[in-house]
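Engineer: For reference, the chains in residue letters:
There are 2 protein chains.
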Amino acid sequence: MRMSELSAASGVSVPSIKFYLREGLLPGGERIKANQVSYSDEHVRRLRLIRALIDIGGLSVNTAREVLAAVDAPGPSLSRTFGVAQYALSLSGSGSTAKDGSGSAEVDQLVEQLGWTVSEENPGRQLAGRVLDTFAELGQPQLAALAPEYARAAEAVARADLASVAAREDVAAMTETVVVGTVLGDTLLTALRRMAQEHIARQQF
Amino acid sequence: MRMSELSAASGVSVPSIKFYLREGLLPGGERIKANQVSYSDEHVRRLRLIRALIDIGGLSVNTAREVLAAVDAPGPSLSRTFGVAQYALSLSGSGSTAKDGSGSAEVDQLVEQLGWTVSEENPGRQLAGRVLDTFAELGQPQLAALAPEYARAAEAVARADLASVAAREDVAAMTETVVVGTVLGDTLLTALRRMAQEHIARQQF
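In order, the protein sequences belong to chains B and P.
According to the numbering used here, the first sequence is numbered sequentially starting from 1.
According to the numbering used here, the second sequence is numbered sequentially starting from 1001.
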């Protein structure tokens, strides 16, 4: 199909498609004549994935590019893919102004208490430490005390995530599930937390 | 203290302080001479809160302004404050390209199944529906099937959130806990999910 047809099929505007081509998120089409390029259903599918990561997952174009590169080169092990998807934390500037407060010691303690095996490089470690430091700075120690409860919920969710990945038929499908599930799963969990807060607040106040 | 001292005390640069004043996130100081304005410890505290919401919570300046307005005017009921904090979903363009797919029916069904009472206006409803629609569009129905597990985790977290709020001493303190806990709690949960995924992946693969 031509670019105008790709736009109609995917619901993505022609200028946006050109932008994703230029930025390397969308692979080029097949040149069939000197002045005509043809796009396939794979391009439609890819555009849906790009829009999902950016619009629903809240990723920046740069982060989406890195995550899509992991989808394109699944690699020998799923753990590498998990690593890349894990870096897709939809936060502006996360990690940019890191300072080592006592939060990282609290996170170490939490990991030990839970019996988790988590590498030092896991991006969640640093981010969790920064949140705990910030709770302390803002005079909200009772929020830091919620971390074990949050961790138990995160573990239940992660267990469901992994079971869902293991059920896919091959590594390519698993990889896409890891990426979509990790990025959009954050959004789903956040949305459900808002709903649950309203439900509990109605019971309590 | 002068602006230069406020900058040193808060760790926020003078240009950033001027920006937050201009944007209405930080209240002005007290004019003590024709050419001198004095800032207090409250300004230091407010700057820490602003940076937490934007840097760690990933909020835009506009969303942070709305959330801070709720902190400043706690209002007669905490439910209104919860409502405002709930809108602070750190997602670019969330809700902007809403289309009514079958996801919203799935969310209705989930809410009924869980026995939750959640208003139609809860921002989590629409967002959860969009995520479920996107899972379907991307050919990932097994991810949509995780929603009940995610909802149970969200309910456990929300119960802890509300208990933590109820323990605060007055409405102003409760309001700040709602805002900080809701916005930064998203980040903490996301971070812990990354860590739990690594732990479970190590056990499984």
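Certain hints may be false.
The calculated label-pair distances, taken between Cβ atoms and stated as ranges, are [as the list claims (entries may be wrong)]: (1) P:A1145 to B:F19: 31 to 37 Å; (2) B:A167 to P:A1105: 37 to 43 Å; (3) B:R22 to P:S1040: 29 to 35 Å; (4) P:A1145 to B:E120: 42 to 48 Å; (5) P:E1169 to B:P148: 46 to 52 Å; (6) P:A1073 to B:S119: 40 to 46 Å; (7) B:A167 to P:A1008: 51 to 57 Å; (8) B:P148 to P:Q1142: 28 to 34 Å; (9) B:S60 to P:A1069: 50 to 56 Å.
Bear in mind the hints are in silico, worked out from the structure with no lab data behind them.
No experiment lies behind these values; they were computed from the predicted model shown.
Even glycine gets a Cβ: it sits at the ideal position worked out from N, Cα and C.
Engineer: Taking the beta carbons of B:R22 and P:S1040, is their distance inside 29 to 35 Å?
Structural biologist: violated, 50 Å
Engineer: Please check whether P:A1073 and B:S119 have a Cβ separation lying inside 40 to 46 Å.
Structural biologist: holds, 45 Å
Engineer: With respect to the beta-carbon atoms only, verify the hint that B:A167 and P:A1105 lie 37 to 43 Å apart.
Structural biologist: violated, 25 Å
Engineer: Holds or violated: the 28 to 34 Å window for the beta-carbon distance between B:P148 and P:Q1142?
Structural biologist: With Cβ atoms ~29 Å apart, the hint holds.
Engineer: Please check whether P:A1145 and B:F19 have a Cβ separation lying inside 31 to 37 Å.
Structural biologist: holds, 34 Å
Engineer: Take a look at whether the Cβ-Cβ distance between B:A167 and P:A1008 falls inside 51 to 57 Å.
Structural biologist: holds, 55 Å
Engineer: Verify the CB-CB distance for P:A1145 and B:E120 against the hinted window 42 to 48 Å.
Structural biologist: At 34 Å between Cβs, range violated.
Engineer: Please test the hint of 46 to 52 Å on the beta carbon pair from P:E1169 and B:P148.
Structural biologist: violated, 24 Å
Engineer: Given a hinted range of 50 to 56 Å, is it respected by the beta-carbon distance of B:S60 and P:A1069?
Structural biologist: violated, 27 Å
Violated hints for the displayed structure, listed by number in ascending order: 2, 3, 4, 5 and 9.
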